[in-house]
Amino acid sequence: MNIVCKWLCVGINPAARPGKGKAQIQHSLQRLISAFILFFCTSLAASAASFELPPLMQPASSEHHPGKVIWVDLVTSDLDGAKRFYSSLFGWTYKDVNAGELNYAIALLDGRPVAGLFSRQPPRDESKRPAWLTFIAVPDVDATTQLSVKNGARILFQPRTYPKRGRQAVFADPQGAVFAVLASASGDPPDVLALPGEWIWSSLITTDPDNDAAFYQTLFGYTVFPQPADDGQEHLLLATDDSARASINPLPANAPKQRPHWLNFVRVTDAVATAAQVKMLGGRVLVEPRPDRHGGQVAVVADPAGAVFGLLEWVDSDNKEVAK
Amino acid sequence: MTGPGYPWFTRMLSVLLLALLQACAVNGEGYDTVGVSYGVGFYEPYGYEYGGWGPNYMVVPPRHNGVWRNDPNRFIGGRRAGAPAPSYRPADPSRRMPSIPSRSRRR
Chain D
1 MNIVCKWLCV GINPAARPGK GKAQIQHSLQ RLISAFILFF CTSLAASAAS
51 FELPPLMQPA SSEHHPGKVI WVDLVTSDLD GAKRFYSSLF GWTYKDVNAG
101 ELNYAIALLD GRPVAGLFSR QPPRDESKRP AWLTFIAVPD VDATTQLSVK
151 NGARILFQPR TYPKRGRQAV FADPQGAVFA VLASASGDPP DVLALPGEWI
201 WSSLITTDPD NDAAFYQTLF GYTVFPQPAD DGQEHLLLAT DDSARASINP
251 LPANAPKQRP HWLNFVRVTD AVATAAQVKM LGGRVLVEPR PDRHGGQVAV
301 VADPAGAVFG LLEWVDSDNK EVAK
Chain V
325 MTGPGYPWFT RMLSVLLLAL LQACAVNGEG YDTVGVSYGV GFYEPYGYEY
375 GGWGPNYMVV PPRHNGVWRN DPNRFIGGRR AGAPAPSYRP ADPSRRMPSI
425 PSRSRRR
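So the sequence lines, in the order shown, correspond to chains D and V.
FYI, the numbering for the first sequence is 1 to 324, going by the numbering used here.
FYI, the numbering for the second sequence is 325 to 431, going by the numbering used here.
Hints listed in this document are in silico derivations from the structure and should not be mistaken for laboratory results.
Beta carbons: idealized from backbone N, C-alpha and C, even for Gly.
Be aware that a few hints might be false.
To be verified - Some but not every residue of chain V turned toward chain D, in silico, with C-beta under 7 Å: (1) Trp377; (2) Ala409; (3) Tyr412; (4) Pro414; (5) Arg420; (6) Ile424; (7) Arg427; (8) Arg429.
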């Protein structure tokens, strides 16, 4: 950089000027343009450097749970609207992380990070909508990237390190569902029961549960439990560390326009009341509250900008009978 | 390009190159020299109606007291007994299906 500064200073050193009048003005102008470009590029670099994602765990955890959904990010065009909606619904508060044009907010519940909300204008193609992105824990992002590609995934964002957060990458699985992997620099969240307002469960809704299960099993080492189902379709549950992590379900046959996607569920105490509140806050109820095999209700809703997520009732005690 | 007529251009190009190199170095990875894009900007396809879940469409695991039963007369994972082997390795039928972690958070 010192060399560049010296070079620029030549412009104001009369001894170095090659001529006078028009030529002198031209040289000054040229150096001014150069200085502007230099300033622009270094500013850009500086703003990139100042963007730091906070760690997942504070204090750091020694736990690691490959295959566990450990983080979710919302990519939305209306950050303020999303903040208001989720704050009213779940009591989330926010810590802003700004860098240049980037606006990113960490959603907190009782001071613990629960999600990231990321502001981004939609692409010109208007047939897109905001979405929640699912991050699955891995010990080695680069090894997972190689394995993903080898097994038919597409890389959407190459592995990248954020010093405090860890290393992460984003993929589309062989059926097209988008997911991310994260090797957290501060360890993974412990395997505890989520509190109301926290993420508790995830489902992959896909065109080919059988092959997707093989894909995710290869990546994360899941134990796959086929579930008894009376509809003749394949419903699977994925587990690691003797904990259920996610389900794989087929795309409903009567919804041919749907595409494979990950769906994340927030724990609620009353799915019917929360779904009603979603409507009141400007969101939509996409799947009305309905009983599931755990004995509680589940529902699927969308926030006012269209990002889809689930609601899942779960009681603390283990004395509730399984739905038959 | 490097002749006496274009010295200012080559110098400007050098500065630009130097600045870009610096940007890459600061970002560490260099794949995204713009840097400020966090890298998760994706939007899902829009324009379809969600839902279509039938009465037996279930997504949640049973609770801990639930027993995963390998009843050969029932559908198991959409496959009747004797159906072709799945692409994945299924859990041993004797294994109990784990549930969502139930341990309370330490305060």
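Verification of the supplied hints:
Checking V/Trp377 against chain D: minimum C-beta separation of about 5 Å stays under 7 Å; hint holds. Among the interface hints, the one on V/Ala409 is violated; its C-beta lies about 10 Å from the nearest C-beta in chain D, farther than the 7 Å criterion. Interface hint status for V/Tyr412: upheld, as the beta-carbon distance to the closest one in chain D is roughly 4 Å, under 7 Å. Hint status for V/Pro414 relative to chain D: holds, with the closest Cβ pair at about 6 Å, below 7 Å.
Because the smallest distance between the Cβ of V/Arg420 and any Cβ of chain D comes to about 9 Å, over 7 Å, the interface hint for this residue is violated. With 7 Å as the threshold, the beta carbon of V/Ile424 comes within range of chain D, its nearest partner Cβ sitting at about 6 Å, so the hint holds. The beta carbon of V/Arg427 is positioned within 7 Å of a beta carbon in chain D (closest approach about 5 Å), and the interface hint is therefore held. About 4 Å separates the beta-carbon of V/Arg429 from the nearest beta-carbon of chain D, less than 7 Å, and the hint is met.
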